[in-house]
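*Asks:* Here is how the chains run, residue by residue.
There are 4 protein chains.
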Amino acid sequence: MTPLSAEARKWGEEMVSHAAFFHGRGWVAGTAGNLSVRPPEGPVLITPSGRHKGTLSIGDLVAVSSEGSPVGEKGGRPSAETSLHAAIYGSVPKAGAVYHVHTVESNLVSLWAQDGGVGLPPLEMLKGLGVVGENPSARMEVFPNWPEVPKIADEVVKRFGEGGFDVPGFLIRLHGLTVWGEDPAQALHHVELMDFVFRYLVLERQTRERGKVFQVPGPSGGP
Amino acid sequence: MTPLSAEARKWGEEMVSHAAFFHGRGWVAGTAGNLSVRPPEGPVLITPSGRHKGTLSIGDLVAVSSEGSPVGEKGGRPSAETSLHAAIYGSVPKAGAVYHVHTVESNLVSLWAQDGGVGLPPLEMLKGLGVVGENPSARMEVFPNWPEVPKIADEVVKRFGEGGFDVPGFLIRLHGLTVWGEDPAQALHHVELMDFVFRYLVLERQTRERGKVFQVPGPSGGP
Amino acid sequence: MTPLSAEARKWGEEMVSHAAFFHGRGWVAGTAGNLSVRPPEGPVLITPSGRHKGTLSIGDLVAVSSEGSPVGEKGGRPSAETSLHAAIYGSVPKAGAVYHVHTVESNLVSLWAQDGGVGLPPLEMLKGLGVVGENPSARMEVFPNWPEVPKIADEVVKRFGEGGFDVPGFLIRLHGLTVWGEDPAQALHHVELMDFVFRYLVLERQTRERGKVFQVPGPSGGP
Amino acid sequence: MTPLSAEARKWGEEMVSHAAFFHGRGWVAGTAGNLSVRPPEGPVLITPSGRHKGTLSIGDLVAVSSEGSPVGEKGGRPSAETSLHAAIYGSVPKAGAVYHVHTVESNLVSLWAQDGGVGLPPLEMLKGLGVVGENPSARMEVFPNWPEVPKIADEVVKRFGEGGFDVPGFLIRLHGLTVWGEDPAQALHHVELMDFVFRYLVLERQTRERGKVFQVPGPSGGP
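Chains as they are written, first to last, in this note's numbering: chain A, 30 to 252; chain B, 30 to 252; chain C, 30 to 252; chain D, 30 to 252.
The hints are simulated quantities; they were obtained by calculation from the structure and are not laboratory data.
Pairs count within a copy or across copies, as identical chains cannot be separated in the list.
Subject to a maximum C-alpha distance of 25 angstroms in a straight line, what follows is the list of computed SDA-like cross-link-like pairs (lysine to any residue):
| id | residue 1 | residue 2 |
| --- | --- | --- |
| 1 | 39 | 105 |
| 2 | 39 | 49 |
| 3 | 156 | 84 |
| 4 | 156 | 83 |
| 5 | 156 | 176 |
| 6 | 180 | 150 |
| 7 | 123 | 81 |
| 8 | 39 | 89 |
| 9 | 156 | 179 |
All chains should be modelled from the sequences, with the hints used to inform the complete structure.
*Replies:* Here it is as C-alpha cells:
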C-alpha cells in the first residue's frame, strides 16, 4: 500500500498491539475478530482476512477508504466484515477506531436480548461508556447475525438514523461485540469496559436466586 | 511537579508496576481505578484522571497533599476520586498506599450486603488481612455509590470514627474495592487477598445447594 | 535424529511455541498433552513422553514416521499417544499438524455426549471450523477413553471411514481434545476455536433456566 | 547461609521461578503459600515468612534441616508452616520438593469433604498423579485447619503411618493445597494437575442437574 504518514503508522502500530492483547485475553480465537483505525490523515487501516491476531505486524494491514474500498496498489484481502466498519465510520464522524471481537460472554449475553436489546446493569463502569447518573440506565443493541454481513451493516446504519446507541458499541447475536472510539486507546477502553459488563451479567445470573428478578435499589440501598 | 526524592520515586515506580499488573488481571478496565502512595517524605503521588493503567509511567503521576490538593507547578489532573484517598490518609496515619480497583466479583459481592456489610468466610487467607483466630469472623463495609465522591469519603471518615474496619479496605456498591497498606507492597497484598475472598464467595454461591445456608464448622469438621 | 530441513525446523519451532502458549492457558497441565507436525518434507515431529510442555525446545522433539514408528538414530521416547496422531495422518492426507490438549471444559463437555457426540451451538465461531450456513449444525464426536490408546485410534480410523467428522477434531471422554490442521497455525486456530465453543457450552449451562431446553431461533430472533 | 552447591542453586532457582508462575496464576495471593526443595546434597531451602512470591530471588531462601531447624549463620525467618514441609520430608524419603499454594477452588473443594476426604473424579489427568486403571478411583485427604500448624503436621505424619495417601498431596480445610514431588519439576506438575482436578470438580457442580448424582459409566458409556 502507499507509504503511511508517521501518525497513521503510530495508530496502526497501536492497533496491532491491541490485537495481540485481545488474543492474550482469548477475545479473537482462531482468526476471529477484525480491527481498524482511521487516522486523522490517510486511509482506514484494517486487519486482513483470515489471519491470527496474535502475530500481526503493521505491514499486514490493508488500506481501505472510509466506505471500505481497497486503496493503493497491493495488500492482502481486507476483512470480510469491512462493511460493518464502513457503516460506523460513515455514521460517526469522530470515530477513529472500530474494534470487533468475539468473547464467550458476549455470545451468551446476546441470547438474552429482548426487543432487540439487552439492559445494562447500573455499574459505575458505565461512566466510561458515557452513561452517567445516579442509577444509570442503558441498553445495548443486539442485531441478528445475517449471513450477509452488508445486511447487518444496513441495520446498523438504520439504527444510527433512528436515534443511535446508548453506548459506543453493539452485539451481533451469537457472534460478537463491535465498538468504536475516537482513537485506538478509546476503542480499547470500550472493549474492556463492555467485557467487564458482560462478565458481570454472566456472574450475576450464575449466582441469582431462582425466580428472583435482578433489581438494584438506589445508592443508599433503599427500595 | 517538584523533583522527587529517591525513595518517593521508588514508591511511585512500584505503584506504576502494580497498576500494570492490575490491568493484566482485568481489575482496571478502560480507565477505571486509581492508585496513590504516600512516601515517608514528600507528597502523595496519585494516578491522573482518565488514563489507562496499563501504560503509565512515573512522569504521569500527580503530586497532591494528604488532603488531596495539588502540589507543585505542573502535572495532570488528579483522579476524580482523590477525596477517597485523602479520607484514608487522614484517618490512618500509617497508611502509605491506597489502591482502588474495579473487579467484576467485587461489584457482584457488593450487592449481597446486609446492614451495610458483607460477612467474610472463615478462610485462612483472612490472616493476611489481620483477621486471626480459629474461626475468624469479619465483615467488609459496603458504602452507597453516591454520585458525589466526597459524600462517600465523608461516610468513610465517619466510619473510621465509629469503630473503624475489620479489614484494611471496603467496597462501594456496584463500583469497586478500595484498600490501604503501609507501603505499595502491602497494598498490593491486600488487593490480591480481597480478590481471593470475593472469588471464593462467588464460587461458593455458584455451587451452593439451593436453600442451603452456608455454614462452616470448627476445624475438626464437627458441628 | 537426522538433521531437519529448514522448513521442518520452522514447523517444529512453531509447534514448540504453541506448546508453551497452551501451557500458559492451562491446557497441558503437568505433562499432559502431545503435539506433532508433519512438514511437507521430512518425518513427523512429536513431543516426547512425560515432558512438561512449557519448557520444550526443538531438540526435544522425536522424529517418527506417519505410522508412528521412530525414525533415525537417537531421540527420546515418543508420546504414548503417538498412535492417535498416526490415525489422523493416515486418514487425512492434508493434515500437517495434530494437537492434543486437556482443558477442564473439554473434560466436562465430554460427559454430555449423547449417542457418541455433542451437538455444537450455532455460533459464528463455527465458521472457523468449516461449519457454515445460517443456522449451522454440527456435532463433535466423543470416543470412549479406552486404556489401550491404539483401541481409541482404531475407532477414530473407523469413524473416518464411516463418514468422517463435522469438525476437524474430537473428544475422548474425560480425557481431552484432539484437533488437526493443514499446518501448525491452523491446528492452533482449531484448538482455540474449540476451546471457545466448550467454554460457551459450559457458561450456557451454568446460566440456563432450570428445565429450559437450549434453543436458538433464526437470525432475526423469530421462532 | 552457607554457600550452595551448583545443584542446590539450580533447584532453588527453579523453585523461585515456579513461585513467580504460581503468583501469575493467582495461587499465592498476598504473601500466601510456601515452597521448599531438598536438593540431593545440602539443606532444605524454603521460602521466607511473609514475603510475596512474585518477586523472590534465590538469596531470599532460608536453609533449614529436613526437620525444619535453621541451618547456617544468617537468613530470614523460615515460613511459619515449615513443620508441614518437615512432616513430608520425614515421611517420604524420595521427596525433593514440597509446594503449598492457596487456590480459590482448593478452598471450596475442601468444604465438600466427607469422612475426611474428597473423592476424585475418574479423569485421565489422574494418571499424572499416579492413579491408573480403567475407572480410576482415588480420594484426597482433607485435614482440619488447626491454628497450631505442628498439630496439622502431626496428623499428616500419622496418616503416612496409617496407609498414606492415594495422591502426592492433601488439602487443609479452607486453607490450601500441599503437594510433593521428587524434584521441583514434578512438584510443579502435581500442583498443576490437582488444580485441574479442583477446577473440574467446581465446574461439574456448577453445571450439575439438581438432585442428580454424579456418576461416570465405563469407557464405553454403558452403565
